Every structure is written in C-alpha cells, then in structure tokens.
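Asker: Quick note, the sequences are listed as chains A and B, same order. Position one of the first sequence corresponds to residue 6 (our numbering), numbered consecutively onward. Position one of the second sequence corresponds to residue 178 (our numbering), numbered consecutively onward.
No lab work stands behind these hints: they were computed from the structure. One thing to keep in mind: the hints can contain errors.
Said to hold, decoys possible - DSS-like mimics (lysine-lysine), calculated; alpha carbons at most 27 Å apart, straight line: (1) B/K565 with A/K35; (2) B/K565 with B/K283; (3) B/K250 with B/K212; (4) A/K37 with B/K570; (5) B/K573 with A/K37; (6) B/K564 with A/K35; (7) A/K35 with B/K461; (8) B/K447 with B/K795; (9) B/K514 with B/K447.
As the list claims (entries may be wrong) - Label pairs and their computed distance ranges (CB to CB): (10) B/P262 with A/K155: 43 to 49 Å; (11) B/D576 with A/Y153: 32 to 38 Å; (12) A/Y153 with B/A550: 50 to 56 Å; (13) A/Y153 with B/K573: 28 to 34 Å.
Computed from a predicted model, the values in this text were never measured in an experiment. No residue lacks a Cβ here, since even glycine has one placed at the ideal position from N, Cα and C.
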Amino acid sequence: MTKTWIAKEQKNRVAVVAGVRTPFAKAGTKLKDTSAVHLGVTVARDAMAKAEVDSENIDEVVFGNAGTPADAANISRVIALRAGIDESVPGYTVHRNCASAMEAVAQGCLKIGLGLADTMLVGGVESMSQMPLIYGEQMTELFATLSYAKSPAEKLQKIMTFRPQWLKPIVAIMEGLTDPISGLNMGQTAEVLAQDFHLSRLAQDEFATRSHHRAIAAQKEGKFRDEIIPVVLEDGFDEVLETDIGPRDNQSVEALSKLRPFFDKANGTITAGNSCPITDGGVALILMNAEKAKADGRQILGTISSYVFTGCEPKRMGMGPIHSTAKLFKDTGLKMSDINLVELNEAFSAQVLANQMAFASKSYCAEKFGATDALGEIRDEILNVNGGAVALGHPVGATGARLILTLLLEMRRRNVGRGLATLCIGGGQGGAFVVERE
Amino acid sequence: MEMNREQILKDVAGFKSLFAEDASAIAEKSIQLTKEGAVGIISFDQYQEKANKLSFMNMIRFVELLFKVNEDKSIKSLLIISKKPTIFIAGADIAEIKLLTSGKIKVESLMKLQEVFTYLEELPIPSVAAIHGACMGGGMELALGCDYRIASEAHETRMGLPEVMLGIIPGWGGTQRMPRLIGLEKSLDLILTGKNVDARKAKKIGLVDRTCPAALLESKAMAFAQELAVSGKKRPSPHRDFKEKLLETVPGGQWLVFDMARKQVMAKTKGNYPAPLKAIEAIKQGYGKSIEKGLQIEAKAFGELIATPECQNLLHVYYLNERVKRDKGVASGAKGKTIASAAVIGAGVMGGGIAQLFAAKKVRVRMKDINWAAIASGYKAAYRVFKKGLDRKKLKKFDVDNAMAEIEGTTAWEGFSRVDLVVEAVVEKLDVKKAIFKELSERVSGATILASNTSSLSVTEMALVVKNPERVGGMHFFNPVDKMPLVEVIRAEKTSDETVATIFQFSKKMGKTPIVVKDAPGFVVNRILGPYLNEAGYLMTDGVAPKKIDQVLEKFGMPMGPCTLLDEVGLDVGSKVAQVLFGAFGERMKPPVLIDAVVKAGRLGKKTGKGIYLHEGKEVKEDAEFLATLNIKAKDKLPSNDEIEKRCVFVMINEAARLLEEGVARDAADIDIGMIFGTGFAPFRGGLLKYADSLGAAKVVSELDLLARVHGVRFQPCQFLQTMAVSEKKFYDGVEIG
C-alpha cells in the first residue's frame, strides 16, 4: 500500500490559489448538449482568471474524467489547448473512477511537491449525459466484417446474418456503474452497507432531505456564487445555467418516502431520492508552489497538507472514506479532533451514514484497523454543511476537486484551519485529503 | 515560332528605356532557368521582395528564357515554379498600371505582352505550372498559358482573376484561355466576380489537372514534368460535362448564359461598373474564335477600360488600401504593442460582435457585463456569426468550437490584470462610460490600453478619470462588426502615439481597415453622414418620397439610400447621433422635425418592423398612410433627381472639408477610406473627396452657394472649400497614396 503524501516531507508546499466549478446539472437536463470539453474549458479559463495566472505560466494540465468522450480521448489536452494554454505545455487525463479529479489534484501535489512544476491546472470534468450507447458484440462484429468484405455479394451475404435484436444497445453508463469484481451495481453496494449497519429507509431519507435543505440554504446565502462560473450552453449559446439544478427547496421526508427502491425492489432501501443523481459538471483548480505564490503576493485558498488513497472491499466500496482517513491519520498523527470541517462525498445517504457510524465505532475500527479506539465521531455540524452530492449531484470525474474547493471556501467563511475531504470510489477504494489554512 | 520571336523582340524593345538601368538586372536575378535531365525549370523568386509579380521587365526576362528553352533541344518539357513560401505569382505589377493610366506607356504596348503567353502556349514541348500560394491575375494567365497545372492543397493556394475589382479585365489572355479551358459558366463566375478558388475547387472545375500536399509539390511537379518529357503530350482537349455541352452547342444556349451573366452583373452594380460588362463582351466575342482573334478582342476591351474614370477610381481605392497596409497610424516612430489578450465591457450587439471578431482571430477575450443574461446575448451574437460560416461551409465545427472557446464571460473583474487591451462597448451614456473607465483604471495593469467604442461621445472626457490617460483612445467599430471593415482609431487630447499605434496595428491584425481621427463629435463617418441623413429628412419634408430619395442615391453609388440606412441603423440611434452633432455644431446640423416625428411614433426602423418604411419579413414597403400623417409641406415643384443627389452629396463634401479644416482627419485619403469602408460609399467614384476633386472645388462651391440661397445656412460652403476654389486646389494635392 502506498504511503500518505505529507506536505512536510516534500521539497515544496502546494497552495490552492483559486478554483471554480460549473453549476451541476442532473444528466439529461440543462447541460445535456454541452460537451465535457466545453465544461472543462469554461472552468479552466475562469480558474486562470480568478488566480490572475497567465496561460503561459501553467506548467502542466491534469483533469480527471471517467467516461471518456469518443471525440476527446485525452480530454485534458483538448481542454488545455482550447483554453489557450500553449501547445508546448503537456497534459494528461487521469481515471480513478469517482476520485478522478482528486487524483488530478494528487498529481499536482506530486509534481509541485517534487519541484517538477510550479503551477498546475488540475480538475475534473464529466458529462454523464453524453455517455454513449454502445452496439453489442454481434453488431460490432458485423460492422467489422462488412468493412473487410471484398465484393458486394460478400457484403450481402454478411448482411443476411443480421438479427434485429443485435441493435439492443449497451448503456455505457450502466456498465460503468457496475463493479465487475463483485458484480454489484453501485446502488447494490450501498444496499450492502444499509444491511451491515441496519440503516433504516427513514434515516436515509432524513439524511437526503437535510442535504437538500443545507444546499438550498447555501444557495440562498449566495455561498455557491464563490465557486460557480455560469455556463453558456454550447448548443446555440443562447442560454445560461447559473446555479445547480439539483437542490430542492421543498424537499420533504414524506415525499422521499413515496419513492420505490431502485436497486432492490423487494427489500431495498436505496431510492433515487436518497442517492446522488448522475450529473454533468466540471471543476478546475490552480495549484502553485506555495512559496512562489507567496513571493508573487497572491491570496491563496489554502494548502494541501496530506493525502492518501487506499483500497477496500469492492462490495463495500462505500466504506472507502474511513479506510483512507484511517491510513492518513495513522501516517500523519492527525486525529478527528484536529479536523474543523469535513466534506464526505454523498454517493448514497446510506454510505455516508455508514461511515459516520464506523468513524465513531470502536469495534469497527478495532476490527478493520486493529485500532484501540474509534477514529472519532464526525459531528453533523461539521459534515457537508452546505449539502452534498445527494442534492448537488455527482459528476463522477469532477466531484473530487469540488469537495476540496467547497471545503476550502467554507473554511475561509468559518475562518478555521484544517479540513478533510474524503470520498468512496467505485471498485473499492477511498481517498482522503487534508487541507489547511494559515 | 521564329517569326513570332522576332515580332516579340521588336515589340518589347521600346520598354526597357522606360525603366531604371538596374531593372533588367533585377529581373535576371528574379527569374532563372535551370535544367534537370530533360526538364527545363523556370523559377520565380523576385529579388528582395516577398511577392513574385509580372512587371514589364519580368515579362521580358521570362520570354527571353522561353526563347532559350525553345533553342535548347535537350529540353523536352518545361516546369514553371515559384520559390516564395506563400506566393506563386501575385499578378501584374499594379504600380506599373499607373504608367498606363498616366499615358507613359501606351496600352497597345502592354497588350503586346500578350504574345509572351502565346509563345509559351505554342512551345513545341509540353509545359506545366506548379502552383503553391497566390496565383492571381497575370500569374493565373501565365498558368493558363501552360499545357498543365498542378496545385498544392495548402490554404495559401488561391487562384483567380481579380482584375474586375480594379475596374479592368484580364489583359494577357485570361478572358480567352480560361473559358476555353473550363467552359463559359464557370469562367464567367470567376472573371465577373473576381473571386478566387482553392486547389480542391480548382481541380473540380478543371482549372488544374492535379493537386498534392504542399510539401510534395516540388517533387510531384517534377515527376509530372518528367512524364511529359517522355510523352511529349501537349494540352489535351478540355473536358465539358453534359450540361455545359448542351448550353454551349445548342443554338441560343450561349446567348442564354451571357444574358444571365449580364443580368446578374446589372442587378449587382446598377450599371455603375463597366469592367464586368466589358469582360462579358470580350468573352462573348472571342469564344469559339481563334486565340489570336480572341486576344485582339480582349486587348481592345482592356484599352477602352483603362481610359474610363471608373477604372482610375477603382485603382485609387486599391492604392488607398495599400496605404492602409503601410500606414502605422502615427507620424512618429512610436511602435504599437502586441495585444495577446483583450476584454470587452458590455455584451450587447457591439460587444458581442467585437468579441466574435477577436475570437475569430484567436485573441482571448474576456466579455464582461453586469449579469449573465446579458453575457449570454453577447455569446449568442458571436455564435450567430460563426454559425453563418458553418452553414456556408466556410468553417468546420472544430473551427467554431475553438473560436467560441476564446470568449470568456464574466460579471467580475477577475482576470483583468492580465489583459492587454480593453474595449468598452456599453450604452452611449457619458456618465456610465466614465464610471467604467474609473473602475478599469483600478483593475487593469498600468500598461493596459483602454479603448472606447463610442460612436459620438468624447473620449477625452472619459480619459479624465483614468490614472494614465495617455493609454486611453477610441476604437470605433461599425455595426455589424464582422462585415464592416472600418475602424476609427480615436486620438483623444492626451492619447500617446504608442496607444494610437497599438490600436491601429491591432485593428489591422483583426483584418480591419483603420483610420486615425481626432476626438471630435461624430468623428469622421458619423459627422459626414449626419448632414446627409438630415438632408434626406428635409427632402421628405419637401414632399419627396423616401423610395425616390433612396433610388437616386443608390444610382449615385451608395450601397443603400439614406432612408433605408436610417431604418437599418435605427431611427433612435440615428437621431441620438444627430442631436449630439446639433449640440456640437449648431444650426447647420439641425435635425429635421420629420425624423423626430417618426421616432416619436415609435417607428425605430427595421428592428421594430416599422420605420420610414414598413418591414414585413424581407419585404420593404413604403407606408403611404403613415407618410400622410407627417407634416409634409409638399412643394408645388418637387426637387429633381439631380437636385436630390446634389443636396445629399454636396452637404457631405462640405462637412468633409470642415474635417480637414479642423484637422480632425489627417487627410483626404483617410476621409475617403472612412467613407468607402465605413459606409460603402461608391468605390467606382474613388471616394467622396476624389469625387469632389473630379468636379473641382469651384464647381462644388458654386453649387453649394446656389443651394444655400434656397435652403439656408446648412449649405454655406466652409472657408476651407472657398479657399480651395480660389486657389484651384484639390483635396488630394500633396496627399501621398502610392
């Protein structure tokens, strides 16, 4: 298992100078005709503007992206060039499922920490609306043989083998959200946790309702204005999306209770209402060598203090946060009491509740980590205080960077020193980042 | 062949004495003959210049090399190629056309050079032109004289015969050889419009035989020439498709083609431009006849055109354009700064248009407005322009995606510290603009150039609130930004030369045609248009129908009449400018009450569907009912067409003279550039002041005096004009343009 990246051990500290995200929109709604590239370009350009950094001063570009668009295989490169970054600046795309954007930030930490780069543009983009339908194997095979066919007669012969059912498409997004090791869909892994921790449907619906209410409150207070750049829709450029679509002001537990379980219709508790929706969105951050930022006289949002990624049981991928945080605490000596604010991604209400219980559970921590004590309670008052993915949505490749951005901005508002951003990762991993302000 | 040679030698002998002694040495350095195996290669590489051109001396040098090729029996094929990176041969040397218009060289002599390409065509060995880059006019005619053409697929490769744009027609066989090669319809399309085609299109229409990537042109052309050296095959008979065959052979078919072409030309030019009509005649008379006969017909038509004032005036416009290319905008040596990124404040029609322009030229542009609905409308305005390019297949989707990504919307001042130029394009209110300039002055770096796109407000006033006012100037675009070439670069009281040079240079980089104007109400174009539009209102007051006024001025050569123009611009906008001018210049700029009445009736022009005219979809109709409600005191005797024209045009000349009197415009050339590229003023008249010069100041003054007697002070000739009349001076005296 890799060790925790710890700022103190690096040559350079890494500052988050500025960051921005698009509004998040439930897939198939406002951003459905806007490409992931356009989302990326919008945030990339505005992040550079916010940081007052010239495009020629960017040393490398790394974006996270989980559902690679067919027309932008290395989407970071496309975003970089279209955002006006010089051709000589390299760029690559990283994929760690739900933590892809967090991995992009990690790449920035590695390179700046080692002194390989001074300024990096990192982030994540996802258009889950534009994930394709794929032809099945037989149809693909037919297309291939047709293109090899030497004569019209041969072509006709091949065509005759065609059967209409071959046209049934494979929905890429459904395939992507299914873990091939356990065979479970992400929602089904959340059902496992709900069973493990005896989480009631009501508790989950209450959590989801709170997420909406908190997001609405933050929206009304204008908090998200600090992190959102509106997107002019790429289809015709005649409409703007200015705010997140997900949060619902009138969300009630009663309304949620009427929904049918989505993944396990008979005995399940996970519904579309207490899970995060599939979502479109993009996030960008400007990372910089902290000493350089200081020398330039820049205001920064904070520095990255430590991070780690760890693996866990694919079937219980939702427990990723506690696994990665435990490792991070062990390697850094930090304790839950040192943390002032937490962003723990809300893939499913059940999964957040399960983590909260496990963090506070001596027996869980003893069993899993051989610890003598619980990792420490995550109080409701410091957890996802502006709502989370259940309300805002979870654009898979972008969320990791949003957690860090949202966390840093709220830390600034509260004027607190240390925050934790952590999330679960499909396939059974967890990621945890600790950020600090002076 | 031998006789031909003797004749040519005799014909060109007289030319050499006209040019400097080193001219023939330069021609020798510029065009070389080499040999590679059985292939003779004539390469063009104009000595110490960027472009290859067919000057007289180059033509003589070229034909002398052709003689050598013909003598050398070991040469079995000829390859003609350019060594310039982006130009094959740009055409004849236009500077030398002046020798023709001034009579220094007789047109007949120039026409004798037709024989050069005939000699090329009649060489016993096959020839091939390898075309990469501009292949225009004389260069195209040279290529047409070859048996074969191979062109590079690079975007720099453009082929055409643009002569009609200069008021002439191709004179070295273009009107004869092109129709013979590619047929009547296609060649008429190219010759009458002067447009050019790329290699792909050229291959499609049969103008070139082969195409290849630019990097392979030399080797592919060489291989082609080697093939020809072996086969010895001269020009094959040209290909015609079924429809072409039908049109060209069926009785009346040709007549139909020419008749259609003529009608199209007439609709477009209203008969004001003789060149395309002459081209049709030359093609019609020469087609199907021997090439010798055809060339004689072409030569005659060319000679007749050169003598026309239209040709002289269009050449004048060409030189005006060339002057802009050389112009730096300042007399001092001050250098303009490079603009890598820009910002536009205000995302309205103008702001969006300016953002589109910058984005199209790959300049990053932050577009700021107070809310996102406004920003979206700016994006939409920009996208609409790109979309047109997409629909017309001039742009690909990725071009549009790349360009649109250059536009960054924002409601905040973030990112402004990195911007090299800010163009303010908010509502025309001085206090709003001043507030923005004050804010800008805090937000941008001390070196950022600040420009206002105001059309009539004082830039000097705006600069008062800025910390370093020397970096504030005007950058006045015209609507629609993507179509209108003119930019008035405004020099305010404290504007530095560096600022003027920067805006001037950047305007050119954006593909625009700039002139430098001192900060004065209305600058150049609106100041001249003001009294012109007023006059249209006065004519209406006198009972002249708007359609009549428009017809007269369109016949004069304006792209649209003043009443249509008012409807296009918007009567509210026009009236606002008129008020500014009235406030600044008093009685002579007094707007007619009638225009006010139209505005008060809520008829603001095309945008509201009703203005002076009724606009129903694309249809424009006179609204007799509405006109009847206006307080029109129709005179017993309505003004004649002549009077209508004089009143509208002379009032402009008078105002233009004032601009020179006050030093607002640098010279007559700038005013004419402004009027042609800002209003579409009749290019065949060479510009407003070129037209005035053709009349003479005395005539202008006497006409104005007459008009002043009837209509009052607004026609009073200004002192400047009166002095000119007395001393028989011309507006263009002492103006250097070419």
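Asker: Of the hints given before, which are not true for this structure?
Answerer: The structure breaks hints 2, 7 and 9; every other hint is satisfied.
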